[in-house]
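Q: Here is what each chain is made of, one letter per residue.
Protein chains: 2
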Amino acid sequence: MCRATEVVSTVERVVDMSSPVMSQDELNLIPPLNFAMVDNGIFRSGFPDSANFSFLQTLRLRSIIYLCPEPYPEANNEFLKSNGIKLFQFGIEGYKEPFVNIPQDTIREALKTLLDVRNHPVLIHCKRGKHRTGCLVGCLRKLQRWCLSSIFDEYQRFAAAKARVSDQRFMELFDISSLKHLPMSFSCLKRHVFTAILIVMIIDKAGRFKAKSNVKT
Amino acid sequence: MCRATEVVSTVERVVDMSSPVMSQDELNLIPPLNFAMVDNGIFRSGFPDSANFSFLQTLRLRSIIYLCPEPYPEANNEFLKSNGIKLFQFGIEGYKEPFVNIPQDTIREALKTLLDVRNHPVLIHCKRGKHRTGCLVGCLRKLQRWCLSSIFDEYQRFAAAKARVSDQRFMELFDISSLKHLPMSFSCLKRHVFTAILIVMIIDKAGRFKAKSNVKT
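In order, the protein sequence lines correspond to chains A and B.
Just so it is clear: in the first sequence, position 119 is 119 by the UniProt record's numbering, and no numbers are missing.
Just so it is clear: in the second sequence, position 134 is 134 by the UniProt record's numbering, and no numbers are missing.
Chain A extracted, bound-state conformation (with noise of 0.2 Å):
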């Protein structure tokens, strides 16, 4: 169901890092259609294309979750490979209403793949960023206890005169109880607590080697 490819980076991630803010002249990075952060770590967009590559590697992106069947372009495939972003792809049908199938197991499992901190940064995207990474979007809502109505409107802001009523219920009846073991500590409801705790545990082991220190004096 899903196709992961890895690659080990021999290059260096190229990102020019400088200079924080730039003169109007250099207004040089090129998100990819539909391009938006949805949590800590996770970004959603379209298609990119070489256009975006520079942009991109400002995300220091660890993988990809791609949603569509046809095989990823040579272009992005390279691109990939020299930056040391891992690829998972969900082959998932492009419909047109009313013949919308959206698999439930497949969905499920690019949650999964989502949900995997050791993936972060993670970029979702299909061809458009509208319909089926809405829907997946719309799922990890569901994970996040947002209710419908605001699912709703967050998909169609991104699907706007496309939007399809049947995706919408494809999110309403997405069934998440089996996904109730999964952790989200990269959410923004706990990335804060996860970071302070990080720094206290440090801090404490920087303490004993002073109070080792002090006993062997």
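Be a bit skeptical, because a hint or two may be false.
For chains that are exact copies, the list does not tell them apart, and a pair is met inside one copy or across any two.
To be verified - Taking lysine to aspartate or glutamate and the EDC-like style, the derived pairs with C-alpha atoms no more than 20 Å apart in a straight line are: (1) K180 <-> E26; (2) K127 <-> E154; (3) K180 <-> D39; (4) K86 <-> E74.
Honestly, the hints are just simulated from the structure, not real lab data.
Place chain B on chain A using the hints.
A: Chain B alone, transformed into the frame defined by chain A:
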């Protein structure tokens, strides 16, 4: 230009973090209208009301940037007070085209507040999260070197049928040169580097304690 209100929290932040994944009956978090994540620690929305307070608590906000001149409602003030959230008010009048006149200086001051990580996580909001909020986010995107067509695309996603050419012209002409000195350590561009440096510094400190202890014994 900016009215800042700080209230020391006297009440524990009450957020149920015990169960990350809920059943379908428990989709009870209601984000404000037009809510979205802008970047690490930065959110945007329309005017939140009491129905949104439970959701906002999950963001663990440190501050709110409020872009309307009207006084903040009593219920919202109470919410800020009991959650220790600081309010920065930049009163920008709501206009209707062709009489749009967004003050550059006010947006510049709001941007400085927005870029200060001590205020993060921060929520930007106006009335509907379309025009004033859209302009401030658009100016942030210029600092992040996004090309104008992508800035306008994002603006239009939130403004939808209410998108204004005059707002887009404002963003295009907005001069970012005076903000060059401000760092953006929160940004997608830099967060991971920043965290890595912090952790390396702490580990290094721990190592020095260990080294000292070895020398003394």
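Q: Need the list of violated hint numbers for this structure, in ascending order.
A: none
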